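Start from the sequences and build out the full structure, keeping to the hints where you can.
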Amino acid sequence: GKIDWELLTHNREAQFPIHFIFLKATEGGDHGDDTFTQNFGQARKYGFIRGAYHYFIPKTDARKQADFFIRTVQLAKGDLPPVLDVETTGKQSPQELKTAVKTWLDRVEAHYGVKPILYTSYKFKKRYLSDSIFNAYPYWIAHYYVDSVRYEGKWHFWQHTDVGTVPGIEEEVDLNVFNGTLEELQALTLQK
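Numbers 1 to 192, taken from my numbering, label the letters of the sequence shown in order.
No lab work stands behind these hints, which were simulated from the structure alone. Small disclaimer: the values here were computed from a predicted structure and weren't measured. For glycine and all other residues, C-beta sits at the position ideal for the given N, C-alpha and C. Please note that a few of the clues may not be correct.
Claimed, not checked - Below, in silico cross-link-like pairs of lysine to any residue (SDA-like), each with a Cα-Cα straight-line distance of 20 Å or less:
| # | residue 1 | residue 2 |
| --- | --- | --- |
| 1 | Lys98 | Ser121 |
| 2 | Lys123 | Ser93 |
| 3 | Lys77 | Gln191 |
Claimed, not checked - Listed next, with one range per pair, are the computed distances between beta-carbon atoms:
| # | residue 1 | residue 2 | range |
| --- | --- | --- | --- |
| 4 | His10 | Thr161 | 16 to 24 Å |
| 5 | Gln92 | Gly41 | 32 to 40 Å |
| 6 | Asp147 | Thr72 | 31 to 39 Å |
| 7 | Phe36 | Lys115 | 18 to 26 Å |
Below is the structure:
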């Protein structure tokens with residue numbers, strides 16, 4: 001969507017400063033966000049740590065989805081690792097879903113040279129992606145309407161609401177916190 005970057009920049013001085021921004025880049029095998037390229041460039045220009053995510057459609061071939069993301073997203077030093085957003089099974093069996101998710105993660109990791117971040121809800125991860133192979137990926141947990149994360153494992157980001165408001169963005173936005181210091185956040189970014 002449309003972002004007033006000048007106004008958004010003032011949020012770095014707020015009580016809860018904004019240091020990083022995740023933007024939706026792609027969905028499925030062929031749906032891109034029309035404003036992604038412009039906003040991704042502006043995020044860097046205005047000094048935000050930026051990240052790009054792909055919304056996974058389980059019934060669409062995982063390789064096709066990974067390749068679409070790779071063609072769309074040019075990551076650079078200082079960017080956050082790519083993100084895979086998995087929210088539905090798409091009527092796939094748990095094993096089919098796990099295989100497809102792992103295929104996307106492997107293909108994207110091979111291209112960018114960094115482990116992607118895995119985004120999903122607390123319940124979804126517990127139910128479908130609890131295999132130890134997925135614990136190797138930085139975890140971004142969506143866990144709303146609670147005052148603290150109730151996930152027992154390691155997590156890097158917590159999306160605590162999907163109805164946040166931020167000066168500079170007209171629509172409601174998801175709000176996230178990083179589980180660490182600003183230095184640890186910077187250490188998670190691409191180093192080359």
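Comparing the hints with the structure gives:
A threshold of 20 Å between alpha carbons decides the hint, and for Lys98 with Ser121 the separation of about 15 Å falls inside it, so the pair holds. At roughly 17 Å between alpha-carbon atoms, Lys123 and Ser93 fall within 20 Å of each other, so this suggested pair holds. Restraint check: the Cα-Cα separation between Lys77 and Gln191 comes to about 5 Å, which is no more than 20 Å; the hinted pair holds. For His10 and Thr161, the Cβ-Cβ distance of about 21 Å falls inside the hinted range of 16 to 24 Å, so the restraint holds.
A hinted range of 32 to 40 Å holds for the C-beta pair Gln92 and Gly41, which are about 35 Å apart. Distance hint for Asp147 and Thr72: a CB-CB separation of about 36 Å, consistent with the stated range 31 to 39 Å. Remark: the range hint 18 to 26 Å for Phe36 to Lys115 is upheld by a beta-carbon distance near 22 Å.
Checked against the numbered hints given earlier, this structure breaks none of them.
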